[in-house]
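Peer 1: Respectively, the protein sequence lines represent chains A and X. Using my numbering, you'd call the opening residue of the first sequence number 60 and step up by one each time. Using my numbering, you'd call the opening residue of the second sequence number 17 and step up by one each time.
Simulated from the structure, these hints should not be mistaken for lab results. Incorrect hints may have been included.
SDA-like mimics (lysine to any residue), calculated; alpha carbons at most 20 Å apart, straight line [unchecked claim]:
id, chain 1, residue 1, chain 2, residue 2
1, X, 33, X, 113
2, A, 165, A, 72
3, A, 169, A, 62
4, X, 31, X, 79
5, A, 96, X, 31
6, A, 101, X, 60
7, A, 96, X, 38
8, A, 96, X, 129
9, A, 116, X, 104
10, X, 31, X, 104
None of these values were measured; they are calculated from a predicted model.
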Amino acid sequence: GENVEQHPSTLSVQEGDSAVIKCTYSDSASNYFPWYKQELGKRPQLIIDIRSNVGEKKDQRIAVTLNKTAKHFSLHITETQPEDSAVYFCAAWDSNYQLIWGAGTKLIIKP
Amino acid sequence: GAGVSQTPSNKVTEKGKYVELRCDPISGHTALYWYRQSLGQGPEFLIYFQGTGAADDSGLPNDRFFAVRPEGSVSTLKIQRTERGDSAMYLCASSPSAAPGTQYFGPGTRLLVL
């Protein structure tokens, strides 16, 4: 089955700098890769997703890139702001109709 | 419109007791998922419904866990003979169909087994 690994587990960046979170997956049949943001005590919320027929997708300060050959995808946040502080999860949709999640990255934005 | 709702928001029970956790998905969403999330970890898949039937229950940890969705809308996750290790946040999510796409999460039920 699918296995998703996410790095780093904690990321601390200066406000205004960029943050990059990386994930790898194992199932080459996976075709959908969402990123969720979870603030403390709250539900996960989708921030961006990418499908396997696309290499990059942008939405304002957030972008996701996908390398199908290498089986890895990354989240890029530019011009980080205090409200970006949260735990970010990557996930991959496997062939069993399950969403397999990474372990999460705690993003800390330093003022 | 109304999002996914879950009740209760918190549940404290004693070891060995039976609990029911309820999920009310977004109206019209045919796919419904249950996850369990422990502190510092990502959501762990438990079970997925497409309509009324459990399409995949491979994530249920053992036979103490059971879930139903009798009318294809509201779902109930049932845990028998609770154990301290069952303590976690239980999240429900729904999506318009079984196709890969956005899952909309409820606020979760935090279960504490004493």
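Peer 1: Going through the earlier hints one by one, which of them does the structure break, listed in rising order?
Peer 2: 1, 3, 5, 7, 8, 9
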